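A.B. asks: Mind assembling these two chains? They're in different frames, but the hints should get you there.
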Amino acid sequence: MTDATQGGPIRTKGKSILELDTRTKKRNAAEARFKGYGIAAICVSLFFLVSLLVTIVSNGVPAFTQTFVNLSVTLDEAKLDKNGNRNIDEIKKVSTFGYKPLINAALVSATDGIETELTDKDLDKILSASAGAVVRDHVIANPDMIGETVEFRLLTSSRVDGYMKGRVVREDLARDKNLDAAHLDLIDVMAERGAVQRTFNWDFIFGSDASESRPEQAGIGVSMLGSFFMMLVVLALALPIGVAASIYLEEFAPQNRFTDLIEVNISNLAAVPSIVFGILGLAVFIQFAHLPQSAPIVGGLTLTLMTLPTIVISTRASLKAVPPSIRDAALGVGASKMQAVFHHVLPLAMPGILTGTIIGLAQALGETAPLLLIGMVGYIATNYPEGVTSGFLDPNSAMPAQIYEWAKRADPAFYERAWGGIIVLLLFLLTMNLIAIILRRRFERRW
Amino acid sequence: MSNLMLVLIVLGLGAVGFVLGRSRAMSVAGGDRRKLHSLPVYYAAHVGLNTIVPALLLLFGWMIVQPMIINSSVSGMIPASAIEEGGNLSLLMSDVRRVAEGLDIAVTQGAMTVSEATNLSADADNVRDKLAAVGVALGSDVTTDTLHAAQRYRAMAATGNLWKSIVAIGAALIGMAVALRLTAVAFRARNVVERGILMVLIAAASIAVLTTLGIVLSLIFNTVEFFQLYPASDFFFSLSWNPSFSGRGGGSELGILPLLWGTLYISFIALLVAVPIGLFAAIYLSEYASNPVRSFAKPLLELLAGIPTIVYGLFALLTVGPMLVSVFGDNGALGVGWMQGGTAVMTAGLVMGIMLIPFVSSLSDDIINAVPQSMRDGSLGLGATHSETVRQVILPAALPGIVGAILLAASRAIGETMIVVLGAGAAARLSMNPFDAMTTVTAKIVSQLTGDSDFASPEALVAFALGITLFVITLGLNVIALFIVRKYREQYE
Chain F
1 MTDATQGGPI
11 RTKGKSILEL
21 DTRTKKRNAA
31 EARFKGYGIA
41 AICVSLFFLV
51 SLLVTIVSNG
61 VPAFTQTFVN
71 LSVTLDEAKL
81 DKNGNRNIDE
91 IKKVSTFGYK
101 PLINAALVSA
111 TDGIETELTD
121 KDLDKILSAS
131 AGAVVRDHVI
141 ANPDMIGETV
151 EFRLLTSSRV
161 DGYMKGRVVR
171 EDLARDKNLD
181 AAHLDLIDVM
191 AERGAVQRTF
201 NWDFIFGSDA
211 SESRPEQAGI
221 GVSMLGSFFM
231 MLVVLALALP
241 IGVAASIYLE
251 EFAPQNRFTD
261 LIEVNISNLA
271 AVPSIVFGIL
281 GLAVFIQFAH
291 LPQSAPIVGG
301 LTLTLMTLPT
311 IVISTRASLK
321 AVPPSIRDAA
331 LGVGASKMQA
341 VFHHVLPLAM
351 PGILTGTIIG
361 LAQALGETAP
371 LLLIGMVGYI
381 ATNYPEGVTS
391 GFLDPNSAMP
401 AQIYEWAKRA
411 DPAFYERAWG
421 GIIVLLLFLL
431 TMNLIAIILR
441 RRFERRW
Chain H
1 MSNLMLVLIV
11 LGLGAVGFVL
21 GRSRAMSVAG
31 GDRRKLHSLP
41 VYYAAHVGLN
51 TIVPALLLLF
61 GWMIVQPMII
71 NSSVSGMIPA
81 SAIEEGGNLS
91 LLMSDVRRVA
101 EGLDIAVTQG
111 AMTVSEATNL
121 SADADNVRDK
131 LAAVGVALGS
141 DVTTDTLHAA
151 QRYRAMAATG
161 NLWKSIVAIG
171 AALIGMAVAL
181 RLTAVAFRAR
191 NVVERGILMV
201 LIAAASIAVL
211 TTLGIVLSLI
221 FNTVEFFQLY
231 PASDFFFSLS
241 WNPSFSGRGG
251 GSELGILPLL
261 WGTLYISFIA
271 LLVAVPIGLF
281 AAIYLSEYAS
291 NPVRSFAKPL
301 LELLAGIPTI
311 VYGLFALLTV
321 GPMLVSVFGD
331 NGALGVGWMQ
341 GGTAVMTAGL
351 VMGIMLIPFV
361 SSLSDDIINA
371 VPQSMRDGSL
381 GLGATHSETV
391 RQVILPAALP
401 GIVGAILLAA
411 SRAIGETMIV
421 VLGAGAAARL
431 SMNPFDAMTT
441 VTAKIVSQLT
451 GDSDFASPEA
461 LVAFALGITL
471 FVITLGLNVI
481 ALFIVRKYRE
491 QYE
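Top to bottom, those sequences are chains F and H.
For what it's worth, my numbering labels the leading residue of the first sequence as 1, then goes sequentially.
For what it's worth, my numbering labels the leading residue of the second sequence as 1, then goes sequentially.
Treat the hints with care, since some could be wrong.
Said to hold, decoys possible - Computed Cβ-Cβ distance ranges for the label pairs, DEER-style:
| id | chain 1 | residue 1 | chain 2 | residue 2 | range |
| --- | --- | --- | --- | --- | --- |
| 1 | F | Ile205 | H | Ile174 | 50 to 58 Å |
| 2 | F | Val388 | H | Val178 | 53 to 61 Å |
| 3 | F | Thr389 | H | Leu272 | 44 to 52 Å |
| 4 | H | Met68 | F | Leu232 | 43 to 51 Å |
| 5 | H | Ser73 | F | Leu430 | 54 to 62 Å |
| 6 | H | Phe296 | F | Phe200 | 45 to 53 Å |
| 7 | H | Asp234 | F | Asp122 | 36 to 44 Å |
| 8 | H | Leu272 | F | Thr119 | 38 to 46 Å |
| 9 | H | Ile174 | F | Thr259 | 32 to 40 Å |
| 10 | F | Ile205 | H | Ser115 | 53 to 61 Å |
| 11 | H | Met432 | F | Gly194 | 26 to 34 Å |
| 12 | F | Lys100 | H | Asp330 | 51 to 59 Å |
Said to hold, decoys possible - Not close to chain F: a few residues of chain H, all C-beta gaps over 10 Å, as computed:
| id | residue |
| --- | --- |
| 13 | Leu173 |
| 14 | Arg190 |
| 15 | Ser240 |
Derived by calculation from the structure, the hints in this document are not laboratory data.
Predicted model, so just to flag it, every value in this text is computed and none were measured.
Each residue gets a CB set at the ideal place from its N, CA and C atoms; glycine is no exception.
Bound conformation, chain H alone (with noise of 0.2 Å):
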């Protein structure tokens, strides 16, 4: 029976469930419900919840459990001379898997009987042209050991199939069973069911933690992996990033510096647009500008902020790198050759730049709105100029909360990859001018794992390892800057 059907079939018992825990709960008051303790509806959904959950909770841990067992006990089943002849165990255990499945497909088809397939013979069979004929396409020819352990694996699935069945089914008729004995007019039904929801809601909340750690866990085991294979002082401190393209590794250089010299770089110059500009947008937007002139400028300056990562990359790569180039380029207009290319750390710094202006300047906003009035007012009594107040007073109160702005947009700039993607170019160097092709970290993810190279190989794995020192950066970086910006909030609170 298939897994959809089997749930299926407990959700249908689950449906019976809700209408007898009904029935049963007007039946236990003798129809009138003002003898419940609960409302009726809370009779049958304890019963459907109680018919449901355990069932499918033990159905999905037998599907993580079943594969796990069978594969233990029919790897256990593959002499060691196979496996130094078939490579490692997990081929040999793929190739298990595919005869496996290939055979209960050409039951399922009709190409053989359920006796032929249990009786096939490596030697007097063809089993690679059987399984081709239904469309399953098996690598090599399939040995007696290979196909000993595949209708091994089929049995046991088979079994394992027929008690989860049995299992699941059974829980859902014994957990109905149960909560319909349970049913009775002091029984309270409200408190248990909101208890089970209670469950659900902590579940959802802890999704947030799971996420954390899945990211943290995923990057850390592939890491560690990378770091058997690649020592992690050349990573850390080579000079060089120079990946073999060969696919099946060795004779790479993966030193990170000059990716992080890259992201450094472009993160500086897109800061160095966005904090002057956005600093004085917010300036101007709280302290100067008159209503309308704000109600029409601020949003616009967000929509900035709602428009996808991918347009700026696409305005760096086709538009404002080929004006640069025509500026800065060679033939360009200034003659001073400095440009080769249009991919470079000042078309993506400048890109960058623009994307992070309404980020910096609505953060900015808050903070300066966030200084006391009176504090402008002492100012301002006193005859300083509005814009004498501005730097002397508040700027200065707010400079925590705008260091922790400046930071935020900081970690967002280094962690951005469209715009580095498409604008900064791939090769990785480190150089001092700012028209150069450089390449960043978040860059060097997306090729090293979108490449044709064997996941396995250290030229796959080190995306785990810059992804963990990408994750530490910007989660150190955030964790500064909120710190700050509370620290602040506190301060005038």
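Excised from the complex, chain F in its bound form (with noise of 0.2 Å):
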């Protein structure tokens, strides 16, 4: 019995029932603190986000658009074709090099009336290095348009693009032995004439790689070709497999030794570093079995063993979410359990299953580490495969192993390529994601 009950007086402190004593003005304030920590660790970790996505994209967009000079070269006749017989083996014979000089009097005439202080032979330095190819591969494709004027469309180098992006300033030059402030004039010039513009870049999203040196050339065309043929690996070996061992494990397994054993191996393996995978890859797949090296196969091979446990367990879930009766039903008139299984379990299951796969793929497509071990960097991806198998077979980069690539290399011309791939990648996974957010609505089924 307490003291309220038996009607005595109520001590009181001699304040208003209406003023919070200090204590629970303490507690309180404490607690407004916590929940403040709260909204604060949740304010940080979403700065985190937007200042990474906008990170990304402001180094990245810049990537997509290339800046190029409107140059109309005169095909000389005299330096290209000399016996003027138009023979495509003789044509051939004047290397990218020979082209240098038609390049730079077009350069010349282009910039006539420009003020500068530079020679005329240091007008090619605003150039990509692949201006001569570019030019030799359409006369070697069109050998009867030699002896006339073309317009081209080429490149510009990689410093003259930075300088039009805003990455490259004049304070820059000082110590840059490949361009001058006064190239950067004459830049100006032209961009006011519309003779050197700045368009999108469709030579970045299907282009090839290009040599250390040219920057402004590189694309990631290849290398997406690499991890798509690599993603094939994946879906044929890693979904068939995945979803036989979850069958197996949810439907079939007795309780025993074996199976206690391969549960606990995918749940270990689930969480192994994927760098493990990696030397597991370098190891298995090209020590032992002798596979080429940087092939997608391998590759593919490599990320369908990391990939598997992810697979397994969102197909386990969903296979365990079809109701019982429905087994039941299906024996009941007389199927096999094989049959009650194959014909209904597993049609319900389905939408989960593809689900997780399309999840799974996605964590395979971001994956780096196990590329790098086996190979799928230090190569320059500069040739698209030539067909099924040499996609499969031949040597190849990967999306996120071409970013490291880039990102590993000294030009700072290469980061905004990173940061461009870096887009191009997550809009993969976010297509990815979006298809399994969708396939989830439109298929799932509450019992």
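C.D. replies: Here it is in structure tokens:
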């Protein structure tokens, strides 16, 4: 029995009940502070997310545009085809170096009337080193155009491109032997005249990687194909194997040591660092099985082993979600256990399985560390695969490996490419995750 | 006959078997499928599987065994003197294989006739030039011994391939015949086929075990090889990491301690960032946040988890590193000059911490939600404020689970590769300054295996010893964490 029920007088501290005492105030302040910490934690993580995305977009978007010079190059017959018989083999003998004077002459005439301290010889520093090859390829493709004046759209060098994008400023050029401030003055005038333009850079999305000295030419297209072939391998192996393994574990496996062993293995494999899978791929597929190094098939096999646990875990969850009444009904009308699973349970679990698979694939698509070990970096992916077999077996890069490769290179112009590559990669991941979410929304069943 | 061709033929026979099996089943039932024990398609599948499976298994077995037998038989032909001259047996054998392949290519391209290729002599004909003409480059001139061995290799391979084709196709035909004979009205085709399918399912499930086995074996074999070249005590206890770059080995110091120090230091900083933020975020989201806030903030947090690590690596290298230098560097805003370059423990740790926030928060969220509501109600009913309830009731109750979550995050941090490869630097040093560049186990695995060094040198093999250390550490952390989490779940279920 407490005092209150005995009707005794209630002791007060002589304060109004409407006013909080100091202890309550303190406790309430602590409450508010604690809540504040929580809000701060959320805000800090959202701030990190936003700053990450802003960094990616602001650094990466410039990679999608590129500066070009419009030049009318006179394809001088005396230089390109001395005998005048348009023999393609003789034309091919003129190396890209032989095209330099032509391009230079075109530059001189294009900059006609612009006051500059540069000598005519120095002018071509504003162009990419690939200019000669572009003109040469055109001439070899159309030998009958020799002698005419042809309009070309040539890449500028990465410094000029950087200047147009605001990445390179005049102060930087003091120590740069590739370009002078005078070139930039020239570019300013040419840009005003419309001879130098910045346009959307399809070559970045569909092109191939270029050597270390030509960042303006580098594109992510070939490594995108490499990733595509890898994902084909992962899809073709991880989906059936993962589904088969989950069906066994969920529907057929007896409770014994072997089943326990498999389950423990799967949950541990899901937590093994990805680099260890790279070591496995190197030792088993390259050292032991002698598969070709840097080939998408090896990358695909390695990533398959890495993705399997993810797929198994999500597949088992969606198999478990199918209510037992479905199985019982099938068994009741005379289906075998196998028929009940394959004809009824599996189709019902399919949306969940596909969602899990897509998420697993997205994970595999962004994974870099194992690819480093099986040799997918240090390789410059300049050639498109020639066919399906070559796509699987010939050395190639993959999107994340390509990004890493660019991030490692010395020229800061490659950093812009790396960020641009990340945008492409994230767009792929976003699409895949959206598909997964839509699949789940459309087909998910609540029993 | 090429292997692909053989596989296609066997598959084709399987298809034939499928059709034959179906018609055979219908004919034994006299056209009335109700008399059969199983559906006709099961009889068809039974014949098809019996045709394909044994033949393909034989074929794959043959493909593995044949090169082994040929190698051991041919390597017996190479005299000991040649081995001494030529370095070692495996190099000579690869020469032999190359010559044999080259001769085969020459024959298929029509550069040599079959008899020319078999009657070559090493002295009279310049084999090296002839093979170079068909695009097979050899490292040295071909000796008589090598050529003899290569001819023997070719002969054995040709006989082997012939027998392989005969055996594979024979097995397919026999399998088909046996299965067709078994087809009868009372034959339980469904049960047999389903047992076969079950075998396939078991095989698929065993791949997880095989993967673990593959990881462990490949790590152990190469590590043992490494410890034969480099003393294990130096590896585990030496305080310096200083591999030689000559590529041929010698004079390298390969101590793991500086790498472990870097790994642990970076992981510690990462956890210092991720644990408070992740934990408070989880507490707020599960205890305080209204539904709209939760459904807005939670997916955004999980977005951080979906971003590939290469992106974080680039963020560390190109954004966070320079930013930290501008604050803590020589001419930085604070003017303290602690930081020399953008790559540092702090850079990598900070970015890794960001990466781990969603990991910690979603795991802790699950664990906090698993604390029974009655405990909350009891505490609130006694007059505790919400924060007092969280601090004095929920967190103590959830503590084991949260520790498990932190251990899982730590294992993630230790195994993380791309962020440290790009953000932490390459110099292995034992230093207390978090603004120094240091390196980690994972970063060194990458650099030792992607360099130019010879694969059999201790400089490359050390990566496997590092790998096994990493594997053991992360596995240990995971097992402990999963054990704790599971124990904790049982407590409240």
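A.B. asks: Give a verdict on every hint.
C.D. replies: Against the structure, the hints:
1. Separated by about 55 Å at the C-beta atoms, Ile205(F) and Ile174(H) satisfy the suggested range of 50 to 58 Å.
2. Distance hint check: the CB atoms of Val388(F) and Val178(H) are about 37 Å apart, inconsistent with the given range 53 to 61 Å.
3. Look at Thr389(F) against Leu272(H): about 51 Å separates their beta carbons, and that is inside 44 to 52 Å.
4. Here the CB-CB span from Met68(H) to Leu232(F) is close to 32 Å, at odds with the stated 43 to 51 Å.
5. A C-beta distance of roughly 57 Å is found between Ser73(H) and Leu430(F), which places it inside the suggested range of 54 to 62 Å.
6. Restraint check, Phe296(H) to Phe200(F): a C-beta distance of roughly 34 Å breaks the suggested window 45 to 53 Å.
7. The supplied range of 36 to 44 Å is broken by Asp234(H) and Asp122(F), whose beta-carbon atoms lie about 57 Å from each other.
8. The hint said 38 to 46 Å for the Cβ distance between Leu272(H) and Thr119(F), and at roughly 59 Å that hint is violated.
9. At roughly 35 Å, the beta carbons of Ile174(H) and Thr259(F) sit within the given window of 32 to 40 Å.
10. For the hinted restraint 53 to 61 Å between Ile205(F) and Ser115(H), the CB-CB distance of approximately 55 Å keeps it satisfied.
11. The hinted window of 26 to 34 Å between Met432(H) and Gly194(F) is violated, with their beta carbons roughly 59 Å apart.
12. Checking the proposed 51 to 59 Å range against Lys100(F) and Asp330(H) shows it is violated: the Cβ atoms sit about 44 Å from each other.
13. Listed as outside the interface, Leu173(H) is consistent with that label: its C-beta sits roughly 28 Å from the nearest C-beta of chain F, beyond the 10 Å cut-off.
14. Against chain F, the non-interface label of Arg190(H) is violated: not every CB pair exceeds 10 Å, the least being about 6 Å.
15. No beta-carbon of chain F comes within 10 Å of the beta-carbon of Ser240(H); the shortest separation is about 23 Å.
Violated hints, in rising order: 2, 4, 6, 7, 8, 11, 12 and 14; the structure is consistent with all others.
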